[in-house]
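Letter by letter, the chains look like this.
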Amino acid sequence: MNKHATPNLKAEKIVGGVATDQRHDSAHKHVSGSAVYIDDMPEPAGTLHVGLGLSKVAHGILKSVDLSAVRAAPGVVDVLTYADVPGENDVSPSNMHDDPVLAEGKVQFFGQPIFAVIAQTREAARRAARLARIEYDELPALISIWPLDPAKDKQVTTPLTLRRGDAAAAIAAAPRRVKGRMKLGGQDHFYLEGQVSLAIPGEDDEVIVYCSTQGPSETQHLVAHALGVPSHAVTVEVRRMGGGFGGKETQANQCAAIAAIAAKKLHRAVKVRLDRDEDMTATGKRHDFAIDYEVGFDDEGHILGVDFLFALNAGFSADLSGPVGDRALFHCDNAYFYPNVHAKSAPLYTNTVSNTAFRGFGGPQGMVGAERVIDEVAFAVGKDSLEIRKLNFYDPMEAIGARCVTPYHQKVEDCIIQRIVAELEESANYTRRRREIRAFNANSRFIKRGLALTPVKFGISFTKTESNQAGALVHVYADGSVHMNHGGTEMGQGLHLKVAQVVAEEFQIDLDRVKITATTTAKVPNTAPTAASSGADLNGMAAQNAARQIRQRLTDFAAEKYQVPVDQVVFLPNRVRVGNQEVSFNDLIKQAYIARVQLSAAGFYKTPKIHWDRSKGQGHAFYYYAYGAACSEVSVDTLTGEYVVERADILHDCGRSLNRAIDIGQVEGGFIQGMGWLTTEELWWDDKGRLRTHAPSTYKIPLASDRPKIFNVALTDWSQAYEPTIHRSKAVGEPPLPHGMSVLHALSDAVASVADHRICPRLDAPATPERVLMAIERLKKEARAGG
Amino acid sequence: MAKVDIRNEIRFILNGSDVVLTSVAPDATLLDWLRLDRTLRGTKEGCAEGDCGACTVLIGKLSAAGLVYESVNACIRFLGSLDGTHVVTVEHLRGEPGKLHPVQQAMVDFHGSQCGFCTPGFVMSLYGLWMKSPDPSNAAIEKALQGNLCRCTGYEAIMRAAHAISSYGKATKDPLAAERRDITTRLQALRDGARVEIGAGKTRLVVPADADDFASVFEHEPAATVVAGSTDVGLWVTKHMRDISPVIFIGNLPGLCAITEDKGVISIGAGVTYTEAFSTLSKRIPALGPLVDRIGGEQVRNMGTIGGNVANGSPIGDTPPPLIALGARLTLRKGKKRRTIPLQDFFIAYGKQDRQPGEFVEAVHVPVPAKDTRFAVYKVTKRRDEDITATLGAFHLNLAKDGTVADIRIAYGGMAATPKRASAVEKALIGKVWNEATVEAAMAEYANDFTPLTDMRATAEYRALAAKNLLLRFYVETTGNKAPFQVSRSEAA
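Listed in order, the protein sequences are those of chains A and B.
With the working numbering applied, the first sequence corresponds to residues 1 to 787, in that order.
With the working numbering applied, the second sequence corresponds to residues 1 to 493, in that order.
Simulated from the structure, these hints should not be mistaken for lab results.
Each hint should be verified, as a subset may be incorrect.
[Said to hold, decoys possible] To spell it out: a stretch of chain A is covered by chain B in this simulated footprint if at least three of its residues, at any positions, have a beta carbon under 8 Å from a beta carbon of chain B; those stretches are: (1) 441-450; (2) 634-643; (3) 691-702.
We put the CB at the ideal spot given by N, CA and C, even for glycine.
Isolated chain A, as found in the complex:
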């Protein structure tokens, strides 16, 4: 649909530069069904398909694996087991060697892949996979973390401790104390496109894997590792994913490895596409947490000391559970200053699927813990939670005093939460509605309203320092059109569009002159996964760097050719002013090409300032913070626990937004996803360790009819990144997700009304109608007992 018109040489501004609202570059293809996802690519002749054989027990020794009936099934070409893995049988992203491609000797969760059937059709492979006869010696299985003891039970990796001041002493000495435990459920990513890889064998040891992955470099590395070949033999490419949300950061690697191993063994293209049930059963999710907390505070509600234990369900292997637990601790303060704090993580081993990255990466779980503590304090001192929140905020950036140091000893220098909360309180009419809701509840026997306003402060940077680097490759062709490539991947967040806007801005050419191309390890090597909200920050900078190198060469060339000083070469929209004359960009490129100027550049960026010493629990872990706040109102039916979200108002900080339209979409979508996590999305394992909510019929993500009836989303038009980020914008992928907390707390507020707001509801999540009703019943009982 993008017909390339002749560039406007009189324009005052280019079309599609930074800080303009642009439509997603693929939108016209999404709506017409012509956007190509990996399963849509034309398959090479003779492509084979994979069906996986999954474990039927949660923990056991593989006594015998009889695959004869599988091999004999119609259409079956081969069956792979661990013995067919030519390199190491491992896809652990954390170098822990605990993530087998195919189970070897034992299985550690219900649904673990044991073998892979390779057949002429996908259906034949799936049917054959069911014919295996496997005998297990079952071992005791840990299905849930609730009964586990972090002091004794197995952890998959080294936990982290953060410590500042003396929390124990401060709590002991505090006028008031509360202690409690919160159960916080996990979440399935439910990307609409499941895990999929297509491997095409090449010459010698080469293979190309088209993989729906957020981390092509890591997929490349782990496929090479499993094949036992150097990384240079493996190319991984992805044009777009049908959603990722962290679920394709490491979880894509296993399918990619199986496809590549089969392709190399059989010398044919091989495709692995999991169906929804397999995807939900066999790939990792957001970690569920058990959060133990104790807080000491004064009669006003100032927090004096906090002690947290964040136990998280790692599942059977480490995967990213170490860093996820770390990020929970990094956000156990949310936007609050703790004078004394002790916080510890415990990534516990269980016989369930290995949990992984999910938008927020433990951060939201940390913040939910912080907000529970705020609620406890508010109920204890008998004040509105919002008052307690405001009492405990970090110092604002314009008045930094002593209350600005995080539990990891980083100074918060850019805090704007006060202004955001004040503006939202006003625009959402918080005070008036609080009054109205009280009046409504007093007159309504069964339906109760609830209201809550929750803040967000989210740290931006990978805590793994080496991940904070990015590369880009920019070519300008002799006709002046630009080919842009970088290490980031597109999963719907509009990353390619934002980076293309940055490149268009640098060259001062219209956006449609910049071609967005598939991410491939052959063009930009050693990239970080597109994760931690870092995509535009890192890759935008790398692409800008590449474009600037070329622009500098063009400037030098023009200055020399036209004999003017360098400062008289100015890039204007679609043209360049050289001294007193204007040359179209395309003409200048043509001249530069003829004069043999290099028109291609590799760009690079690494985030400055950050450092992190995990053993000490101290450092400048984040380059900056993104902020926001949300205010939600709900109606709850106290007979059934059913509820609706009446209204939500969000004010969110994207710095100087690169593309408001895209960022609003991230905020709206993040909020709804966070709300889903904390309300109706419930993962339910039976006592055999089998996930019984493994498809949308049983696992309930929000629908259009679950959105707030009134939904007001705004971006702070006054904020800008404190640090020199790409055009002073801020990352936006993860920070809006925890706005969903406002719904959990609004539900909690409605529940509290049945006991006259005297008892903290301690509403756990997900707050399904069942959990809401049971909390109501508990509060009614406690209120009666307490007289």
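We have chain A; now place chain B onto it with these hints.
Positioned in the frame of chain A, the structure of chain B alone reads:
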């Protein structure tokens, strides 16, 4: 047995082309055929169980109202069931030359797509809605999108787009509207009154010519799987890879799709879809309206039938409890023999119904409640829409002149191995004054009627508690008090 012509091919229209298939596996799905055989890959697989809507296509069929297009899930729609229809996929949408269709352009301009994978399905659902209702309300859009999941946008942008479609073009100028006469003629030409038979043994499928033909075919092949809307059987194939052959497809079958009313009793043919049935039922029995909006998504309601919901005997089917409370009766037919029984007697035990081999549910007869009768049905789920029942209660009450309970029928789903009456509760109410004290006393009787299970949808404790609270809700709603007793999507705070 009346003589019918036999045809050995399935014939339908795909987008602009006529399709004739002589070899069709009885369990072949429309989605796989589109993607693998036709390489029309705009239609996506997201869940293969009719819950996410990524595979939404429109099916045009000739009905009493003429040619109607309805959104359906291609993932659980069998290819063999498409005889005589017009299948429209996203690839068929177009605007003026070189332009996107209004639905598509609105979605682009209002940022309705992010990752884009669910988008073709949303486009098709919105297209189906827009053709019927060019300026839909918020509620109508939400209802049309109950069967479409998006994980990226939070839906707000899609809603904005949905409201804007008509500013991009007129539904009356849409290509499908323009081709309506031509397509109708072509579909009529496909209707030859023949029975379709393809394959033999494991590959055998039959599309009977009409209800009488079905009765005769099924009597001779009682082991066959009868498939109406395929919203359940579809999953036997896609999820469980069960062998369902031979199959008899009875969706849209002449003689099974009628809705009639006689002397206050509405009779619904077993092949009538939820969508078709409830447009009539909810006018005559308004309390059923809110329930139907919460059964499946739009695509499932366009495919699934009340006959199927009853016949498969599920304890969590949503129509049996209200139909039992209403005192519905069921006509079963085997060959030429018919018998009519109270619906509640049909359900014997889990997985066991009062149905003989070769016998099928032909129609359900629903008495319209008298003017003074109070009738209500409440469904409780984890997620409000497109979710499977945790507990569902239906109440049918007649009060005597003195304010006592003359009779009451209470039936529940999700509380036992079958849809079941709450007899002990009813007994505790009958003859008593209809007041809160009576209701509270009766609530204690639930424990004598039901011992619910714990599963992924709800615990036994929650089911028991919510179920009895529904009686209290029913009571307060009959007191004439206008205060809200349920949370609702309908209006803003």
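(Q) Is the coverage entry for the stretch 691-702 of chain A by chain B consistent with the three-residue Cβ rule at 8 Å? (A) With 9 residues in contact (Cβ-Cβ under 8 Å with chain B), the coverage given for the stretch 691-702 of chain A holds.
Q: Given that the stretch 634-643 of chain A was listed as covered by chain B, double-check it with a C-beta distance under 8 Å for 3 or more residues.
A: Coverage by chain B holds for the stretch 634-643 of chain A (8 residues, Cβ < 8 Å).
Q) Can the stretch 441-450 of chain A be counted as covered by chain B under the rule of three residues or more with Cβ-Cβ separation shorter than 8 Å? A) holds (count 6)
Checked against the numbered hints above, the structure violates none of them.
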